[in-house]
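K.L.:
Residue numbers (the working numbering): 380 to 693.
Possibly wrong hints are sitting among the right ones.
Claimed, not checked - Distance windows between CB atoms, simulated: (1) G425 <-> E630: 53 to 59 Å; (2) G392 <-> A642: 49 to 55 Å; (3) D492 <-> R445: 30 to 36 Å; (4) E630 <-> A520: 15 to 21 Å; (5) E381 <-> S666: 53 to 59 Å.
It should be emphasised that the hints constitute simulated quantities derived from the structure, not laboratory data.
Glycine included, each C-beta is placed from N, C-alpha and C at the ideal position.
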Amino acid sequence: MELRIGLESLPLGAGGTVVTVGFFDGVHLGHQAVFRRTVEVAREGGLRSVVVTFDRHPRETLTPGREPKLLTPPDGKARLIEAAGVDVVLVLRFDRAFSLVPAEEFVRRVLADGLHAEHVVVGANFTFGHQARGTVETLRALGPAHGFTAEEIPILELDGRPVSSSSIREALAEGDLEWPTRALGRRYSVEGNVVTGAGRGVDLGFPTANLETDPRVLLPKTGIYAGRASIEDRHLVAAISVGTNPTFGREPVHVEAFLLDFAGELHGRALTVEFWARLRNEERFDSPEALARAMAEDVRRTRELVPVPEARPA
Numbered sequence: 380m381e382l383r384i385g386l387e388s389l390p391l392g393a394g395g396t397v398v399t400v401g402f403f404d405g406v407h408l409g410h411q412a413v414f415r416r417t418v419e420v421a422r423e424g425g426l427r428s429v430v431v432t433f434d435r436h437p438r439e440t441l442t443p444g445r446e447p448k449l450l451t452p453p454d455g456k457a458r459l460i461e462a463a464g465v466d467v468v469l470v471l472r473f474d475r476a477f478s479l480v481p482a483e484e485f486v487r488r489v490l491a492d493g494l495h496a497e498h499v500v501v502g503a504n505f506t507f508g509h510q511a512r513g514t515v516e517t518l519r520a521l522g523p524a525h526g527f528t529a530e531e532i533p534i535l536e537l538d539g540r541p542v543s544s545s546s547i548r549e550a551l552a553e554g555d556l557e558w559p560t561r562a563l564g565r566r567y568s569v570e571g572n573v574v575t576g577a578g579r580g581v582d583l584g585f586p587t588a589n590l591e592t593d594p595r596v597l598l599p600k601t602g603i604y605a606g607r608a609s610i611e612d613r614h615l616v617a618a619i620s621v622g623t624n625p626t627f628g629r630e631p632v633h634v635e636a637f638l639l640d641f642a643g644e645l646h647g648r649a650l651t652v653e654f655w656a657r658l659r660n661e662e663r664f665d666s667p668e669a670l671a672r673a674m675a676e677d678v679r680r681t682r683e684l685v686p687v688p689e690a691r692p693a
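All chains should be built: construct the whole structure from the sequences, respecting the hints.
P.N.:
Put into structure tokens, the structure is as follows:
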């Protein structure tokens, strides 16, 4: 997959394309349907498939401080888009100047002159351009003059419930993992580098990896979870805490993971944790010993709920 950054990376070069545009936070099943159609039409026509996305949530620029937390950081989103078989990802800077670009100018500069679009695929709730005035009907109206057609993909529903990034965020904030798992088509996960913690886990008999996560990324509701952790090509069962360590005085919300049946140095390494089941709420215990007993029970239940990943062939 080819990655391009900014308007200055255009034009794309010779040859037509099939393009889709959106922020695509989470790359949920609805987004994946859009990508599949984009890739399908491109391959049928001998064209390149292109995803146009943005370096930040539009609301970060339009209403600073009121933007939602992200389901996927930029790198993670790019990996998921690549897995969909897309040929090119164009990441545009959604700054104040870009937010003022009229829909008609976006069509001309980006879709037509920049990407040589022959077909554009968008979701049913798609808007673009200054004040979000552009819609799929705008694309259909402007397309003939610029040499492309436009297609709208209906909103995906599961058991009558629309799949959306906002519904996934709401579920995670409530500690619900069932809907995010279904809507994403995978377990929700967060990633980060392992950093030095207070060392209390070692004293309690459960040495944990403390994750430094992207502050823009959404963490599930505070509590204890069963899941898995991935380090490079190793996949392990893990008991995961999202919380503030109330037994020892409150700290900023952060992620810690106890990797079952693992011995090794993790500091400085990249770690991804995957949430499978919510075990309990975060609690304040009267003593470290009481906390250790609760952690032992968390580990026992984690073993019951999460199967050990099969070793991959070398």
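K.L.:
None of the hints should be skipped; say for each whether it holds.
P.N.:
Evaluated hints:
Between G425 and E630 the C-beta distance comes to about 56 Å, which sits within the given range of 53 to 59 Å. For G392 paired with A642, a C-beta distance near 51 Å keeps the hint of 49 to 55 Å intact. A hinted range of 30 to 36 Å holds for the C-beta pair D492 and R445, which are about 33 Å apart. Hint check: E630 to A520, Cβ distance near 54 Å, so the stated range 15 to 21 Å is violated.
E381 and S666 have their C-beta atoms about 57 Å apart, which keeps the hinted 53 to 59 Å range intact.
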